[in-house]
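> Start from the sequences and build out the full structure, keeping to the hints where you can.
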Amino acid sequence: QKEVEQDPGPLSVPEGAIVSLNCTYSNSAFQYFMWYRQYSRKGPELLMYTYSSGNKEDGRFTAQVDKSSKYISLFIRDSQPSDSATYLCAMSEYYGQNFVFGPGTRLSVLP
Amino acid sequence: GAGVSQSPRYKVAKRGQDVALRCDPISGHVSLFWYQQALGQGPEFLTYFQNEAQLDKSGLPSDRFFAERPEGSVSTLKIQRTQQEDSAVYLCASSLGVTDTQYFGPGTRLTVL
Numbered sequence: 001q002k003e004v005e006q007d008p009g010p011l012s013v014p015e016g017a018i019v020s021l022n023c024t025y026s027n028s029a030f031q032y033f034m035w036y037r038q039y040s041r042k043g044p045e046l047l048m049y050t051y052s053s054g055n056k057e058d059g060r061f062t063a064q065v066d067k068s069s070k071y072i073s074l075f076i077r078d079s080q081p082s083d084s085a086t087y088l089c090a091m092s093e094y095y096g097q098n099f100v101f102g103p104g105t106r107l108s109v110l111p
Numbered sequence: 001g002a003g004v005s006q007s008p009r010y011k012v013a014k015r016g017q018d019v020a021l022r023c024d025p026i027s028g029h030v031s032l033f034w035y036q037q038a039l040g041q042g043p044e045f046l047t048y049f050q051n052e053a054q055l056d057k058s059g060l061p062s063d064r065f066f067a068e069r070p071e072g073s074v075s076t077l078k079i080q081r082t083q084q085e086d087s088a089v090y091l092c093a094s095s096l097g098v099t100d101t102q103y104f105g106p107g108t109r110l111t112v113l
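Going down the list, the sequences are from chains F and U. Taking this note's numbering, the leading residue of the first sequence gets 1, the next gets one more, and so forth. Taking this note's numbering, the leading residue of the second sequence gets 1, the next gets one more, and so forth.
No lab work stands behind these hints, which were simulated from the structure alone. Warning: the hint list may mix true and false statements.
As the list claims (entries may be wrong) - Each pair of labels, with its calculated beta carbon distance range: (1) Pro81(F) with Asp56(U): 36 to 42 Å; (2) Asn27(F) with Asn51(U): 27 to 33 Å; (3) Ala17(F) with Ala53(U): 46 to 52 Å; (4) Val12(U) with Gly54(F): 27 to 33 Å; (5) Pro81(F) with Ala53(U): 41 to 47 Å; (6) Gly59(F) with Ser62(U): 40 to 46 Å; (7) Tyr94(F) with Gly72(U): 19 to 25 Å; (8) Val30(U) with Ser53(F): 29 to 35 Å; (9) Gln83(U) with Asp66(F): 38 to 44 Å.
Said to hold, decoys possible - List of simulated lysine-lysine pairs, DSSO-like, C-alpha gap at most 27 Å: (10) Lys11(U) with Lys42(F); (11) Lys57(U) with Lys2(F); (12) Lys56(F) with Lys42(F); (13) Lys14(U) with Lys42(F); (14) Lys11(U) with Lys78(U); (15) Lys56(F) with Lys67(F); (16) Lys78(U) with Lys42(F); (17) Lys2(F) with Lys70(F); (18) Lys2(F) with Lys67(F); (19) Lys56(F) with Lys70(F); (20) Lys57(U) with Lys42(F); (21) Lys42(F) with Lys2(F).
Claimed, not checked - Covered stretches of chain U, as calculated for chain F (at least 3 residues, CB under 8 Å): (22) 35-43; (23) 104-110.
Glycine is no exception: its CB is placed at the ideal position from the N, C-alpha and C atoms.
Spelled out as structure tokens, the structure:
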């Protein structure tokens, strides 16, 4: 079993839909949880990070962490074609150090 | 302002050749990270520098991989005697400090034939 699991997709949704992306993990020491967006042929860019359990909202994006279930989610509201990318979750015990990434979920938002 | 740049963007090597991949971090960024991203996978940590000091090289897969940052700015990842399993995208990221947001470059796609 990999340390971080993520459904690779592809996930196709119509424009305007609410998208739910999820990761599960096995290491209970993880405290920092991040979501990155990676466009084709580009490096990942940080979307959001959260510490420990709870929710965090930023515009159309909401990140949720449930440490008891070792499960994290990213919700995208009012999805746009420009949101089409691969979404990577990443987590670490200490912020900024030794991230472990999931394999990514490829999302396509259809106009 | 300029982001992290990497060169070359694409590299094709014959098995057994040595390759050198360059990373130019954002000016003033103290921390620099190298990752390896295989096709369809997330990035995997290789090594980390703070200025010119290589503080963590636990992710380097073998002694054929070597990284340096001699003046605390530009970094080079060298792979000796390349193997087919080395084919991947090599990503560089830099940050102001180790706990600050990492900014990734576009990566170098290495193909070993």
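> Can you give the numbers of the hints that this structure goes against, from lowest to highest?
When the structure is compared with the hints, only number 4 turns out to be violated.
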